[in-house]
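Let the sequences and hints guide you as you build the complete structure.
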Amino acid sequence: MSGWRHDSLGAEIDRDRPLRFTFDGLSVPGFEGDTLASALMAAGHRILGRSFKYHRPRGLWGLGAEEPNAVFDIRHEGSYLPNARATLSYAQDGMQVASVNAWPSARRDAFGLLDLAQRFLPAGFYYKTFMRLPWRIYEPMIRRMAGLGRVDPDYAPDADGVQISAACDVLVIGAGPAGLAAARAAAEAGKTVWLLEDARHPGGALRWRGGEIDGTPWRDYARDTSQAVEAAGGRVMTDTSLWGAFDHGAFAAWQRGPRPRHWRIRAARCILASGAIERPLWFADNDRPGVQSAEAALHHLALYGSLPGRRILMATDSDHSLPVARALKDAGAEVTVIDRRAEVPEATGLAQITGAGIEAARGRRGVTAALVKGEEIPCDTILCAGGWTPSVHLWCQAGGRLDMDEGRDMLVPRPGTAPMTVIGAATGTLDLAAAVAEGLAAGAGKTPAPKAPKPRARAPLRPDPARPGRQWLDLQNDVTLKDVALAAREGFTSVEHLKRYTTLGMATDQGRLSNFAGLAAMAALTNRSVAETGTTTYRPPFQPVPLSAIAGPARGALYHPLKRLALEEAHRAAGARFRDYGGWLRPSVYGQGDEAALAQSEARTARTTVAIFDASPLGKLEVIGPGAAALLDFTGYVRMSTLRPGRARYGFMLSESGIVYDDGVVLRLGADHFVVSASSSHVEGVRFVLEDARQDRIGRASVFVHDVTQAYVTLTVTGPDARALCRAAGLALPDLPHMGVGEIAYQGARLRVARISFTGDMSYELSVPARHAQTLRARLDAALAAFDGRWIGLEAVMLLRAEKGYVLIGKDTDGSTMPQDLGWDGPRARRDDEYLGKRSLFTPEAASTARRQLVGLRVPEGGQPIRTGAHLIPDTGLRRSLGFVTSSYVSPVLDRPIALALLEGGLQKIGQTVRLFDDGVVREAVVTAPCAYDPEGERLDGRA
Amino acid sequence: MQRFPCPFCGPRDETEFHFAVEAGHARPEPAGAVSDAAWAAYLYEAASPKGTTREVWLHLTCGEYFLLTRDTLTRAVNASEPLPGVAP
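Respectively, the protein sequence lines represent chains A and B. The numbering used here numbers the first residue of the first sequence as 1 and each following residue consecutively. The numbering used here numbers the first residue of the second sequence as 1 and each following residue consecutively.
Worth flagging that the hints you see were computed from the coordinates, not collected in a lab. Backbone N, C-alpha and C fix where the C-beta goes; we use that ideal spot for every residue, glycine too. There could be a bad hint or two in this list.
[Unchecked claim] Here are the computed distance ranges between Cβ atoms for each label pair:
(1) A/R697 with B/T61: 16 to 26 Å
(2) B/M1 with A/R697: 27 to 37 Å
(3) A/R579 with B/H18: 22 to 32 Å
(4) B/D13 with A/P448: 24 to 34 Å
(5) B/G10 with A/Y559: 21 to 31 Å
(6) B/A76 with A/S529: 48 to 58 Å
[Claimed, not checked] Which residues of chain B face chain A? A partial, calculated answer using Cβ under 7 Å:
(7) M1
(8) Q2
(9) P5
(10) R12
(11) E16
(12) D36
(13) W39
(14) G63
(15) Y65
(16) L67
(17) R70
(18) L73
Right, dumping it as structure tokens:
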């Protein structure tokens with residue numbers, strides 16, 4: 001317990017409004033305005049989490065999104081957020097906060113002993129150890145121990161995340177001094193500016209360091225800038241994480257808070273002012289609670305009055321962090337500056353040890369001393385000021401490249417490699433006045449001048465492999481300098497390999513603290529420069545974002561909305577049960593009880609008397625114009641120009657590779673008027689194939705294609721009594737042969753009648769404009785009882801078509817099925833005009849006799865049905881797949897199992913016995929023609 | 001998310017578009033006069049250049065195929081025009 005609260009400092013807390021929350025069950029006091037990090041520090045909590053791999057105690061490091069250790073699962077007022085950063089989460093009264101990766105608590109963690117086993121858990125441990133052993137035994141155990149936050153399976157956030165798409169002239173990312181100046185200049189130039197800030201308030205480091213922007217106190221400047229931006233039609237958004245930069249100026253941002261919003265922003269111009277993050281220092285046990293970023297200590301002191309300890313050492317090598325030490329001293333802490341420089345400015349008024357660095361930290365559960373020049377100096381806090389790492393993630397996400405700035409010892413954006421203007425600390429400009437000047441210039445639309453190189457003052461700070469002990473590079477994923485050395489020894493010297501082998505930089509902090517050190521260490525180990533070593537790829541998200549924010553309302557039924565039947569309610573009232581069939585919600589069966597039994601019973605009725613099903617999703621593409629016949633001749637495998645008006649013909653559509661893409665019936669209503677009945681799930685695709693041929697071949701003026709599928713309702717009446725039922729329902733059916741098409745008047749509209757059978761029994765497809773659907777349905781329904789008929793669902797229809805050997809494209813065919821494999825060799829043999837896919841039907845592959853062809857299968861008397869997916873195998877020799885079962889049912893009228901299969905050379909094997917590998921059992925079946933029922937087609941004309 | 005200009009509808013998000021084929025990829029005909037190799041090349045060989053490319057895209061929402069000239073490296077869109085002979 002070493003942290004404490006100053007009795008007056010703290011610009012952003014309200015001491016009149018105290019609050020309490022719990023941390024791992026302990027009550028913690030705080031004030032309105034506190035972050036969880038500042039309240040826990042003030043209350044003296046040091047161990048805030050356990051490390052990922054070794055379960056070492058860890059404390060607070062930073063001040064923002066870079067925080068690797070203080071990551072919490074937060075429950076508050078019915079909401080639950082795992083993996084929240086303590087530095088970005090605001091304390092609220094009654095909040096329940098739990099540390100991650102620790103059980104039962106971060107203070108007393110049962111897995112803490114793992115650290116003793118560190119010798120046996122080197123980088124790549126999992127890859128090496130669990131390769132040979134059965135992974136399924138270890139997986140559950142490892143999964144339990146891996147990961148940080150816990151998902152609460154009982155908590156499902158509402159699918160009501162607000163998502164907004166927006167556009168602006170200028171997007172400014174980061175409201176520090178440079179970003180504020182840029183936003184101000186752009187707004188004053190009349191641009192619509194969006195200024196986004198991750199923190200609660202604009203101001204950046206000036207919030208805790210203080211200062212002026214362009215001659216004005218920063219608070220006033222920030223306020224005036226907000227007003228200028230809003231006056232010009234823009235927006236200032238704080239507590240907003242911009243997490244992704246995408247193509248063509250698209251950005252994604254998550255606005256946190258009680259009413260979170262997810263934004264997709266399209267910006268004409270982007271100015272990146274994302275700042276820089278303080279770099280750690282590397283010494284033995286530099287991960288102990290109490291080792292912190294120096295800048296973060298000043299942040300917590302100035303904004304919240306929280307101090308990390310009373311005896312503080314601050315290690316640095318520049319003047320930039322001296323204000324930190326002074327402020328802490330003024331607040332009452334005992335501060336000693338350990339300066340790496342031998343020559344330091346005089347009269348700092350601080351205790352100083354020069355020409356030295358920290359060699360090791362002492363203390364297991366928290367810092368108790370530091371080793372400096374071989375001597376132990378007692379202390380409770382070590383502040384590290386290791387220089388600055390520009391936040392270039394978004395720059396790199398947008399495709400930007402980096403240059404190594406040796407003088408500043410930073411990787412900085414290479415101008416011109418991404419469509420962004422980078423300003424301020426993000427491009428290495430740490431000087432306030434210079435950063436503001438860059439902002440003003442960028443906001444006014446000027447491209448920044450290239451920076452003058454800065455001579456290197458001294459050797460850069462690097463992890464030193466010669467030092468004893470473990471130096472931690474990646475605190476969140478537990479990667480030490482030794483792990484990097486091991487990776488280098490084992491040949492994983494590419495940064496991408498280094499990252500995957502050691503997991504360096506792969507944690508949720510995106511390597512903000514670790515990447516530079518890791519690649520600098522690898523560069524040193526392999527005698528390359530940092531520039532030669534390169535960086536890993538930066539990918540979104542820049543910060544963890546709840547999936548519920550990204551998904552918004554697009555979940556469950558709204559993720560992929562189903563198409564609904566116009567008659568859905570009527571079917572539901574009739575007892576229909578619904579399922580998704582190719583994107584349509586359709587009746588599967590009608591009634592209560594076992595679905596398979598119902599389907600059997602429905603199919604039996606359809607064969608005995610009459611049945612009706614809703615076939616509305618069947619595609620209806622009208623092809624109209626003098627070029628219509630030529631268009632369909634080209635896009636279809638079967639010629640349609642020879643079809644007589646008033647007739648229908650079954651055909652296929654092939655892809656150019658000769659594979660069957662769709663099947664269906666084409667109706668010819670007149671010389672220039674066809675209707676293509678595409679499969680219900682292929683309507684869009686078929687339409688675009690027709691459009692392609694129309695626009696690029698036949699000529700767009702001679703033919704038009706209209707998708708009218710959803711304008712019509714189609715009810716199919718099928719069964720021996722089909723004609724009688726239609727007549728009993730008052731429909732004056734025209735006298736049509738099988739595959740005949742006609743029209744009758746129906747309530748002032750036209751009702752199309754097509755004698756097309758998908759069941760093998762006499763069928764009438766009745767299509768009316770959707771507004772007449774209810775009356776047509778009611779008429780047919782009223783007539784059903786007299787014939788002992790019924791409504792049937794898709795399950796029965798599937799069974800009926802399988803009895804007839806009628807294929808479903810994509811179920812009974814696969815990506816290699818050509819029309820001749822389905823027994824349709826005629827057009828291939830006879831057509832001499834061009835059509836889609838034609839040339840592919842004459843390749844050596846297409847002519848092979850070993851192609852998989854559609855056949856039926858019959859099991860021996862009394863045999864069980866074969867499972868769909870069972871493989872056909874050779875009788876002798878090496879077992880391999882000769883094909884597989886595509887459809888399998890029990891036929892109620894035949895009273896035996898039926899199956900369709902794709903079988904190598906199947907058409908030559910009809911009558912032969914073949915072997916099947918059916919879920920581990922080898923069985924036998926006889927190859928038959930696909931059609932198992934009424935092969936002569938005698939039932940198509942119905943009851944005489 | 002890229003943004004492509006449809007010559008008929010203006011700029012729209014890339015999710016509204018489908019790639020069709022590289023421009024100038026003429027279908028060899030008649031089938032009887034096309035060698036296996038020429039047909040295979042038509043089906044499977046694309047230039048896939050690094051840099052500027054001219055392609056046919058389909059705008060799904062209006063159903064129009066059109067020509068898009070873009071840079072595969074920088075993602076810059078250089079031109080968008082209707083198929084030859086079609087007024088936008």
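Here is what the structure says about each hint:
Range check, A/R697 to B/T61: about 22 Å between beta-carbon atoms, so the 16 to 26 Å window is met. Range check, B/M1 to A/R697: Cβ separation about 32 Å, and the 27 to 37 Å hint holds. For A/R579 and B/H18, the hinted distance range of 22 to 32 Å is satisfied, since their beta carbons lie about 28 Å from each other. Between B/D13 and A/P448 the beta carbons are some 31 Å apart, a value that agrees with the proposed interval 24 to 34 Å.
At roughly 28 Å, the beta carbons of B/G10 and A/Y559 sit within the given window of 21 to 31 Å. At roughly 32 Å, the beta carbons of B/A76 and A/S529 sit outside the given window of 48 to 58 Å. With a least beta-carbon distance of about 4 Å to chain A, the hint placing B/M1 at the interface is held under the 7 Å criterion. A least Cβ separation of about 4 Å between B/Q2 and chain A falls short of the 7 Å threshold, and the interface hint therefore holds.
Nearest Cβ of chain A to the Cβ of B/P5: about 11 Å, over the 7 Å cut. The hint is violated. Given the 7 Å rule on beta carbons, the hint for B/R12 is violated: about 11 Å separates it from the nearest Cβ of chain A. Taking 7 Å as the C-beta contact cut-off toward chain A, the hint placing B/E16 at the interface is violated, the least distance being around 13 Å. Hint status for B/D36: holds, given a least beta-carbon distance of 6 Å to chain A, under 7 Å.
Because the closest C-beta pair between B/W39 and chain A is about 5 Å apart, less than 7 Å, the hint holds. A least Cβ separation of about 5 Å between B/G63 and chain A falls short of the 7 Å threshold, and the interface hint therefore holds. Among the interface hints, the one on B/Y65 holds; its C-beta lies about 5 Å from the nearest C-beta in chain A, closer than the 7 Å criterion. The beta carbon of B/L67 comes no nearer than 11 Å to any beta carbon in chain A, farther than 7 Å, and the hint placing it at the interface is violated.
With 7 Å as the threshold, the beta carbon of B/R70 stays out of range of chain A, its nearest partner Cβ sitting at about 11 Å, so the hint is violated. Annotation: interface hint on B/L73 violated; nearest CB of chain A at approximately 9 Å, more than 7 Å.
The structure is inconsistent with the numbered hints 6, 9, 10, 11, 16, 17 and 18, although it conforms to all the rest.
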